[in-house]
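Protein chains in written order, with our numbering: chain A, 1 to 261; chain B, 1001 to 1297; chain C, 2001 to 2326.
Hints may be right or wrong, so weigh each one.
Pairwise CB distance ranges (calculated) [what the hints assert, rightly or not]: (1) C:2147 - A:19: 19 to 27 Å; (2) A:120 - C:2254: 38 to 46 Å; (3) A:252 - C:2079: 36 to 44 Å; (4) B:1184 - A:198: 45 to 53 Å; (5) A:84 - C:2316: 54 to 62 Å; (6) A:252 - C:2163: 31 to 39 Å.
A few chain C positions that, by computed beta-carbon distances, are all more than 10 Å from chain A [as the list claims (entries may be wrong)]: (7) 2179; (8) 2248; (9) 2250; (10) 2260.
If you only want the chain A side, here are some residues facing chain C, beta carbon under 10 Å, derived [said to hold, decoys possible]: (11) 111; (12) 153; (13) 154; (14) 185; (15) 190; (16) 215; (17) 240; (18) 243; (19) 244; (20) 254; (21) 257.
What the hints contain is simulated information worked out from the structure, not anything from laboratory work.
Think of the CB as a built atom: it goes at the ideal place given N, C-alpha and C, for glycine as much as any other residue.
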Amino acid sequence: MNIPAGKLAIRGLEVSFGERRVVSMDELRLDHGEIVGLAGESGSGKSMTTLAILGLAHTVGATVSGSIKLDGQELTTLSPPDLRAIRGRRIAAIFQSPATAFSPVYKVGTIFTRALRLHGASKAEAADRAAEAMRQVLLAPDLLRRYPSQLSGGQLQRVAIALALALRAEILLADEPTSALDVTVQAEVLDLLRSLRESTGMSILFISHDLAVVAELCDQVVVMRGGLIVEQGPASQVLSAPTDPYTIELLESVPRLASAP
Amino acid sequence: MIETPTLPPLDASLPRGAALWRGLRANPLLAVGGALVLLIVVVAVLAPLIAPFPGDAGNASHPFSVLHAPSPAHWFGTDQVGRDILSRVIYGTRVSPVIAVIVLVIACAIGVPLGVAAGFLGGWVDELIMRITDIFLAFPPLLLALALASVLPASLTSLTIAIAAVWWPWYVRLLRGQAASVAGRPYVESCRALGISRRRIIFRHILPNALTPLLVQVSLDVGGVILTASALSFLGLGAQDPTPDWGLMVAEGQSYFTPDWWLVTFPGLAILVTAFAFNLLGDGLRDLLDPKRSLLL
Amino acid sequence: MKGDLLQLRDLAVRYGPVLAVNGVSLDLPAGPFGLGLIGESGSGKSTIGRAVLRLVRMAGGSITFDGQDIASLRGAGLKEYRRNAQIVFQDPDNSLDPRMRIGTTIAEALHAHGVVPRQEAGERVAGLLTEAGLDPEFAVRYPHQLSGGQRQRVAIARALSVQPRLLVLDEPTSALDVRTQARILKLISGLRAERDLAYLLITHNFGVVSELCEQTAVLYLGRVAEIGPTGVLLSRPAHPYTHALRSAVPEVELAGRRSRIVLPGDPPDAASPPPGCVFHPRCPLAIDRCRTEVPVLRDVAPGHRVACHLAEKVLAGAQMPTSGYR
């Protein structure tokens, strides 16, 4: 029986700044419709992994070696035009500060339609898909007529997710998407991500330093430290019965609530 | 749980001379800039000894040596009345750079306190200072300097005053922005919370953190002031012939430029080198004073 | 309560046209004691901290320290207050002057109040650094040579150098890594015991108040929604917002096993607060009375006060819509 290759398969990934290696990852797999959490502190290499997957590591001066396959297709050897076709369209990304996704001088809708048209949609199609995506993230489509400064952090983050949806992205890389949001807004965004996974089968690589968030959202957990994976496995297992001392230390560091509701 | 520093230990026992040398080696901008400025100062001080024809710096006229091209006798050639240009350029170090420095010192002396007061204190103080400053800034600088210089008796002193009067508003604006920005930072708020006196906050926190852009600006402005001075001198409002002001020399030599290029070129180069030297010095000082960049640590 | 170290009565603070704090009353007894201020953006929690330190002007109400109205303090009296009340800010990157060595920064605080004679300053700085868990060698370093957690320790050491009786901690660990957070919290806990500290812990993190605060106040749009013993607030909240907030907090133990209360709508705009109860537009239990009448903070149990018309219903277990996930 053929074991499916996995939506996103990373093997032997190494990201370095000259002599200094910041990521050294043996294996990471993201299956169709799966949410994998990449947990670690600052300097663990999680953000560099995101950049490497997007093929953008060189923009910060890093070199990448190893294999990153999307549906069996090798990404590290793709030409820039081919990479651009995939980036945003098949692999979308949202970041901690939603403001980074939206240039403040353009209306949010303008950026939306531009992105869609860049990947082949016609003007009418773009408008339709944008409106539909906004509804999927429970936002009124006419918010597209606003400037980023007129939307709250939570709303912007949802718009960023909507953009990924409108582009029909198969994989969403979410790099600390809720760290800058209020708790109640974070809860909404997490719920949104989960329901999207259910309805569209989108795979999500969720990067966070907050183990509690990772615990609630993710099927699989990968713990990183100093660029290496120290532990990985099903969330229920890693979080209840961790084997690596670092994981244990991280879990012990999370402040406990006095009593459950 | 004690945390030990992750850096190798500081060599606090290094004697001052050795520390200075290490700082200079690590900071080439400062070294070169400082050396050039020092050179200019030395030339200015030793001018009577270095210049081959000291008399040419003043009232002199040699009708038989008029407009000679550079030669072993006159390295920089002679000007339209036969004076040795090299000597005049050398003596010029006592004029143009000195004017520039005095102008900038005055501009800073007025601009920095006003700017810091406006930026740090805010409120009506800020409004008052900035409105006055805005009035000055509304005039085209050269015209204002011209106007001022023309009502004063034509001399180097008037020139200095006129340019300084035009220069200070820019520094008020610069310092105000910097001071306001620094005043809003958490560490200044912490100082207020700790009950540290306003005076100390201004001198120990605001000024050191706000001065860096000023340093760079001032070093760039040395060239600017010299050129402004030369424009005014050309119009007869500042330095008068026979004063060996570089700007004046350039202005006067323009009409002889073709084919007697040396009248303009050598004083021009002197201005260039001086401006460059101060730029480097400014950059070097900025780097030296920045704990994050300084390799002294 | 009489004999309280700090008393806030109907505190109001304005930022331009916006009323960031609108009628907040709190009591903080003398140490060791921790009062937590929980809230999201726009709740006014940070502003309250700053008002206590007299870093912002009050638009109304009063703040009393040791029976003295701090708004009327001037000169020597104000300086004395600055010794008694200190603050640690959230941002470790900017809370220290980048051009000053660590030791100088701490010594500056000592000298401002003459805590020790000049000659002894170095020794005291070393002691303070050690107390904060740092090697005294750090005194000659510059802030950029330290990690975020280390800088936060320095900020704490500096705040404690003047021997305050009241410490305001404004999101002291939000910008730090998980393990560093745990260490800083442990440090605060230790210092509290050693120095009989009374502190106001401002945070959005329930776990933090759970560990460090006997009492907690939940803030919403500049008002106190609920205040009471921390354990009670977490297990038997009487305000719908507290309930929803508590429910929204992710927890490792509940990995993938729970449904969560969902609050409709967006956080409110402080510039145009809703009439009546400020929470009513998002409250799933809102009735007509909530739209018109501002609820007053009242007792529902000893030491437990709520500003909600329907507090009893909440306590009785009123259902609130959940996401029903899994």
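Structure-based check of all given hints:
In this structure the supplied range 19 to 27 Å holds for residue 2147 of chain C paired with residue 19 of chain A, their Cβ-Cβ distance being about 22 Å. In this structure, residue 120 of chain A and residue 2254 of chain C meet the distance hint of 38 to 46 Å, their C-beta atoms being roughly 43 Å apart. The given range of 36 to 44 Å is respected by residue 252 of chain A and residue 2079 of chain C, whose C-beta atoms sit roughly 43 Å from each other. A hinted range of 45 to 53 Å holds for the C-beta pair residue 1184 of chain B and residue 198 of chain A, which are about 46 Å apart.
At about 58 Å, the CB distance of residue 84 of chain A to residue 2316 of chain C agrees with the hint of 54 to 62 Å. Distance hint check: the CB atoms of residue 252 of chain A and residue 2163 of chain C are about 32 Å apart, consistent with the given range 31 to 39 Å. Not every beta carbon of chain A lies more than 10 Å from that of residue 2179 of chain C, the smallest distance being close to 5 Å; the non-interface claim is violated. For residue 2248 of chain C, the non-interface assignment is contradicted: its Cβ lies about 4 Å from the closest Cβ of chain A, within the 10 Å cut-off.
A beta-carbon of chain A comes within 10 Å of the beta-carbon of residue 2250 of chain C; the shortest separation is about 4 Å. The claim that residue 2260 of chain C lies off the interface is violated: its Cβ sits roughly 6 Å from the closest Cβ of chain A, which falls inside the 10 Å cut-off. Given hint, residue 111 of chain A at the interface with chain C, is violated; its Cβ is 21 Å from that chain's nearest Cβ, farther than 10 Å. Taking 10 Å as the C-beta cut-off, the interface hint given for residue 153 of chain A holds, the closest approach to chain C being about 8 Å.
The criterion of a C-beta within 10 Å of any C-beta in chain C is met by residue 154 of chain A, whose closest approach is roughly 7 Å, and the hint holds. A distance limit of 10 Å between C-beta atoms decides the matter here; for residue 185 of chain A the minimum to chain C is near 7 Å, and the interface restraint holds. The closest approach between the C-beta of residue 190 of chain A and any C-beta of chain C is roughly 7 Å, which is under the 10 Å cut-off, so the hint is satisfied. The closest approach between the C-beta of residue 215 of chain A and any C-beta of chain C is roughly 4 Å, which is under the 10 Å cut-off, so the hint is satisfied.
Hint status for residue 240 of chain A: holds, given a least beta-carbon distance of 8 Å to chain C, under 10 Å. At its closest, the beta carbon of residue 243 of chain A sits 16 Å from a beta carbon of chain C; the interface hint therefore is violated under the 10 Å criterion. The beta carbon of residue 244 of chain A is not positioned within 10 Å of any beta carbon in chain C (closest approach about 14 Å), and the interface hint is therefore violated. For residue 254 of chain A, the suggested interface contact is upheld, since its CB lies about 6 Å from the closest CB of chain C, less than 10 Å.
With a cut of 10 Å, the hint placing residue 257 of chain A at the interface with chain C holds, because the nearest CB-to-CB distance is about 5 Å.
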